[in-house]
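J.: Listed here are the chains, written in short residue letters.
There are 2 protein chains.
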Amino acid sequence: MSPSLSPAKLQLIALPGIPLVKPGDDLAHFILGGVAAADESLSTGDVLVIAQKIVSKAENRYVDLRQVTPSARARELADLCHKDPRLVELILSESDEVLRCQPGIVIVVHRLGIIFANAGIDSSNVEPEGEAERVLLVPQDPDGTCRRLRGELRERSGVDLAVIINDSVGRAWRNGTVGIALGASGLPSLHDLRGRRDLFGRSLVVTQEGIADELAAAASLLQGQAGEGAPVVLIRGLKLAGAAANAAALIRPKAKDLFR
Amino acid sequence: MSPSLSPAKLQLIALPGIPLVKPGDDLAHFILGGVAAADESLSTGDVLVIAQKIVSKAENRYVDLRQVTPSARARELADLCHKDPRLVELILSESDEVLRCQPGIVIVVHRLGIIFANAGIDSSNVEPEGEAERVLLVPQDPDGTCRRLRGELRERSGVDLAVIINDSVGRAWRNGTVGIALGASGLPSLHDLRGRRDLFGRSLVVTQEGIADELAAAASLLQGQAGEGAPVVLIRGLKLAGAAANAAALIRPKAKDLFR
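Chains as they are written, first to last, in my numbering: chain A, 1 to 260; chain B, 261 to 520.
You may find that some hints are simply not true.
[Unchecked claim] With a cut-off of at most 30 Å between alpha-carbon atoms, the simulated BS3-like pairs for lysine-lysine come out as follows:
(1) B:LYS499 to A:LYS83
(2) A:LYS22 to B:LYS282
(3) B:LYS282 to A:LYS254
(4) A:LYS254 to B:LYS514
(5) A:LYS256 to B:LYS516
(6) A:LYS239 to B:LYS269
(7) B:LYS343 to A:LYS9
(8) A:LYS9 to B:LYS282
Think of the hints as simulated: they come from the structure by calculation, not from any bench.
All chains, please: the whole structure from these sequences, using the hints.
T.: Structural data, given as structure tokens:
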């Protein structure tokens, strides 16, 4: 039988004991500590899914809203969406295009290409710091961070893993957030089924599966969104086949997107 | 600590030995056989995720295209999208509204409310039968099927499970299909985080997580889309809290959807 993405079992383990992350913290160190605290050791083929929030914190993606001066355009949009003009200024500075703006909602095309409410900027689970009005931007280059973290983990553990940074996002058409991959390294994020055959030998028409997004969604079940503090999930048992692709491969180009 | 949706571990097991399903087959029987073949027994809180395709087959949702006479409207759309007019007739008969139609693509609002390419009608993994040109529609009432299957499994095993029917679908904005829940019973498909507090005691703004869709996506990793034939996945370890909601709760009403 050829290599397959369908193993018999998958295990997801929320790594215990990951501390609150501060700017400059060594995430690889925390992760290896969490693996040890879980009484596990890493194996080739393991996937680590890391919550966006702790990556942003480690990379000091905090902004103090008191330092932000809203432009005329930001003030105009803020009137339409009933949001803080300084936050809207930040959203604009993180984005290529505003797709929707109405009371309570701003949806943009983030400069990474991801379509995001509020450009992914978050103020929940952000530690207060004195008088600062801190919010947290998404990482500058999530695919790059995954590649770098993967290298560090390989160097320190000797094991070649896959790494995903995930975030919970809203969707068109459906209620409820789900986890998606903001960044990925070391796995076929978009798994190409072209050329494979179905149970009855015919070519498959549906050709690509968003593997990294499915892994991100699965990990999200363990991470929780509230006070659980389980930001890193180890996924074990996935048989990864196919050429590696980063999370940018999951972004549908504007020209091919019928729903903007 | 209050009940939480964040357990330390989740396990996903693709049940072995599920036979090819024929109309009228007893899925609960096959599933209990698969649980036994996996050397597992069911426990309260377990979630069974069942691929749409085997539910449709058991419910005899086959249609022979030779029996379908396309309407004038179907022939018109078929010209636009370069599809078989008989298939387009079926798509229309399954749908409330056509959202997009262009070469190679028809995206509709299915009568269940789900936004679907080709109304979810599929011809891969459909057994040939003589001269028939068979395709397979999605189940008539996936939430109802989940409720019924859950009742049957409870009756025969004594255990109260959650049941999801999943399907792989395309999405706005992102490449690659992911699993979503077409039907669900016995779990909070849409988990409401309103009133919960973040790590620093503030109320959360993002309030609802699409739990059943995340479970559906996770199971999809094991089911594969090609010839793997692992249509039922047992998910174990999820701590389900909150009021049960079926998969219909995951559908965003048209009036609240900014992206149709």
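J.: For which of the previously enumerated hints does the structure constitute a violation, in increasing order of number?
T.: Violated hints (numbers, rising): 1, 2, 3, 7; every other hint is consistent with the structure.
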